[in-house]
Amino acid sequence: MPEPLPISALQHLVFCERQCALIHTEGLWAENRLTAEGTVLHENAHEAGPETHGGVRVARGLDMRSEALNLVGKSDVVEFTPLEAFHGPIAETVRAAASGPGPPLVGWGVLPVEYKRGRSKTSPEWGDCDRVQLCAQALCLEEMLGVEVPEGRLFYGQTRRRTDVPIDGALRDLTRRAVARLHALLASGETPPAVNDARCPNCSLVKLCLPQVAAGRSAAAWIDRRLNTLDREAA
Amino acid sequence: MKEHLNTLFVTTDGTYLAQDGAAVAVRADGLDAAGEPTGRKETKLRVPLHNLDGICCFGRVGASPQLLGAAAEAGVSVSFLSEHGRLRARVVGFTPGNVLLRRAQYRAADDPAATLAIARSAVLGKVSNCRQVLLRAARDAPDAERAERLRDAARRLETNLHGARRAGHDGAEGATDTLRGVEGEAARTYFAAFGDLLAGDPAFTFAGRSRRPPRDAVNALLSFLYAMLTHDAKSAAESCGLDCQVGFLHRDRPGRPGLALDLIEEFRPLLADRTALTLINRRQVRPGGFTISETGAVTMDEATRKTVLTAWQAKKQETVTHPFLGEKVTAGLLVHLQARLLARHLRGDLDVWPPLLWK
Ligand code: SF4
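Order-wise, the sequence lines are chains A and B. The first sequence runs 1 to 235 under full-length UniProt numbering. The second sequence runs 1 to 359 under full-length UniProt numbering.
Some hints could be false.
Covered by chain B, per the in silico footprint, the following chain A stretches (three or more residues, Cβ under 8 Å) [said to hold, decoys possible]:
hint : segment
1    : 8-15
2    : 174-182
3    : 204-213
Computed list of lysine to aspartate or glutamate pairs in DMTMM-like fashion (alpha-carbon distance at most 20 Å, straight line) [claimed, not checked]:
hint : chain 1 : residue 1 : chain 2 : residue 2
4    : B       : Lys359    : A       : Glu142
5    : A       : Lys207    : B       : Glu158
6    : B       : Lys44     : B       : Asp32
7    : B       : Lys306    : B       : Glu83
8    : B       : Lys44     : B       : Glu73
9    : B       : Lys359    : B       : Glu158
10   : A       : Lys74     : A       : Glu142
11   : B       : Lys359    : A       : Asp197
12   : A       : Lys207    : A       : Asp197
13   : B       : Lys306    : B       : Glu318
14   : A       : Lys207    : B       : Glu238
15   : B       : Lys359    : B       : Asp29
16   : B       : Lys328    : B       : Glu318
17   : B       : Lys41     : A       : Glu3
Non-contacting residues of chain A with respect to chain B, defined by C-beta distances greater than 12 Å in every case (computed) [stated by the list, open to error]:
hint : residue
18   : Ala21
19   : Gly27
20   : Leu62
21   : Tyr156
22   : Thr163
23   : Pro166
24   : Arg226
In short, the hints are calculated from the structure, not lab data. Glycine residues also receive a C-beta, built at the ideal position from the N, C-alpha and C atoms.
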């Protein structure tokens, strides 16, 4: 069995496969303002310790693992809610999940919550990166706790917006495919070419990735042109 | 990733570096009103570690273990150098875990064709930049005779450039050695003309390159600046995960930072030589700032070393455009960009390593 991979790598993969390989294959990591603030935000979320309010138990920094997906990670926040406390649109889904087939005795609804600085990021290939990461957490929790996790929540620091994310069949499929791609990519040891598109200016690795050169430019041709120009100017 | 590249140079004997929160505290002997040592250390300066790329300590300078740990964690390397700038020891944190890049580097170093291509870039960069230095000086030369000598040397370097571009194209064996020969010939031509680049004090003369020990003030200056460049090139190689020992133009030799020496070739004329020439020609350094030992070795005094380091740091802050990337950066960042480009070439993103061909 190969090494389990971090759930965070999944998010990198979904944002840009090259970024994922640069970080997880090549070991490059660049702290920029965005990632540094993200780290601080996460540390705060992890450090606060467990607490209970309004009957909801809030666990921070839980270690998560899935044997099936061969992933490991840490959650920001998982909220455990007594089932009778559920109201609102997903209450029925949660109750159905708790009383449905599978292991019984589910007294709590399990809700993973992920905190993000800034806004949601999307990629042309995989859509919304944050939902995939959240779904991977949900899959880990399901495997570890023997419950169904029908929903997760994303919280965006910049807009102070929360988004409820249904962990539905389509998202589960997408996530499983992304996990398979992640394992294949990192097992290959290769670094895919740069995408060189709108993602690059927002990428913390842009200075190490050099997308403008990694996207198929010829340095040999440049050297020839440059030296010929210099020869002409010298003459 | 460090983008500011400030180096803290500590040149005063007896200085002690301590950790002060997230900053380095520079502590030195306090002086009383009459300028006499009080016998107590005082904090002269506090510099936040995150503002620094490296700390270079010259001569008798100490540092606390706490500071060394904090610096390593902040990605700031601490070097201990002799007063001539020779590296004695260096404290660095963990290098990026880029084992695949290193393997690619070693494979390339074992492969004659890959070695030739990288060595060629180093030679093209160096010889071309030497030629640019000579041509620029020829334009500003005070007399026609001197201008003609400089242009003549530049023409010979052009021949060397063509030789370097051709080397190995006929599939001949030992092309990298041919290249090394071309590089040596170009260096002799360039240094034969170097005296004509000196326009200032007649006390500064240059009779060819000498090192270990440098036999005149100009050579002492050059050796010191090359040592500073090598130091930066080592950091640059390490911070992108390359092994600074395993070079291409420079073959492996125990204790020799072959890759760092490859990386600095193109920077010697561009940054080091030009800094030395400016310092001499603007009379910012004086012959009196150099002393000759019994064995004929020339060293700088502390005040001169400070002047040189200040000029060096200022040179590295100049804004320039990277010729291949077309990006505006500080001159000090160039060697880091060149190391990253080499890493990208080794990982297969770029067909060849583009040298820094200055205009
Ligand atoms: S700079 Fe662009 S291509 Fe490079 S890793 Fe980032 S997003 Fe991907």
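Going through the hints against the structure:
Using a Cβ-Cβ cut-off of 8 Å, 0 residues of the segment 8-15 of chain A lie near chain B, which falls short of the minimum of three, so the contact claim is violated. Given as covered by chain B, the segment 174-182 of chain A fails the check, having 0 residues with a CB less than 8 Å from a CB of that chain where 3 are the minimum. Check result for the segment 204-213 of chain A against chain B: holds, 5 residues qualifying (beta carbon to beta carbon below 8 Å, three or more required). For the hint linking B:Lys359 to A:Glu142, the alpha-carbon distance of about 62 Å lies beyond 20 Å, and the restraint is violated.
Taking the CA atoms of A:Lys207 and B:Glu158, the gap is near 34 Å; set against the 20 Å cutoff, the hint is violated. For the proposed pair B:Lys44 and B:Asp32, the alpha carbon gap of about 14 Å is at most 20 Å, so the pair holds. Taking the CA atoms of B:Lys306 and B:Glu83, the gap is near 11 Å; set against the 20 Å cutoff, the hint holds. Taken as a hint, the B:Lys44 and B:Glu73 pair is broken in the structure, with Cα atoms around 24 Å apart against an allowance of 20 Å.
Distance hint between B:Lys359 and B:Glu158 is fulfilled; the C-alpha atoms sit about 14 Å from each other, no more than 20 Å. Annotation: proposed proximity of A:Lys74 to A:Glu142 holds, straight-line Cα distance about 14 Å (limit 20 Å). For the proposed pair B:Lys359 and A:Asp197, the alpha carbon gap of about 31 Å is over 20 Å, so the pair is violated. For the proposed pair A:Lys207 and A:Asp197, the alpha carbon gap of about 14 Å is at most 20 Å, so the pair holds.
For the proposed pair B:Lys306 and B:Glu318, the alpha carbon gap of about 19 Å is at most 20 Å, so the pair holds. At most 20 Å may separate the alpha-carbon atoms for a hinted pair to count; A:Lys207 and B:Glu238 meet this at roughly 16 Å. Restraint check for B:Lys359 and B:Asp29: the C-alpha separation of about 47 Å exceeds 20 Å, so the hint is violated. At most 20 Å may separate the alpha-carbon atoms for a hinted pair to count; B:Lys328 and B:Glu318 meet this at roughly 10 Å.
For the proposed pair B:Lys41 and A:Glu3, the alpha carbon gap of about 52 Å is over 20 Å, so the pair is violated. Remark: the non-interface label on A:Ala21 conflicts with the geometry, its nearest Cβ contact in chain B lying 10 Å away (cut-off 12 Å). A beta-carbon of chain B is positioned within 12 Å of the beta-carbon of A:Gly27; the least distance is around 4 Å. At roughly 27 Å from the closest C-beta of chain B, the C-beta of A:Leu62 stays outside 12 Å, upholding its exclusion from the interface.
No beta-carbon of chain B is positioned within 12 Å of the beta-carbon of A:Tyr156; the least distance is around 26 Å. Distance to chain B confirms A:Thr163 as a non-interface residue, since its nearest Cβ pair spans about 32 Å, more than 12 Å. Interface exclusion of A:Pro166 from chain B stands, the closest Cβ pair being 38 Å apart, more than 12 Å. Look at A:Arg226: its CB is around 5 Å from the nearest CB on chain B, not clear of 12 Å, so calling it non-interface is violated.
Checked against the numbered hints above, the structure breaks hints 1, 2, 4, 5, 8, 11, 15, 17, 18, 19, 24 and satisfies the rest.
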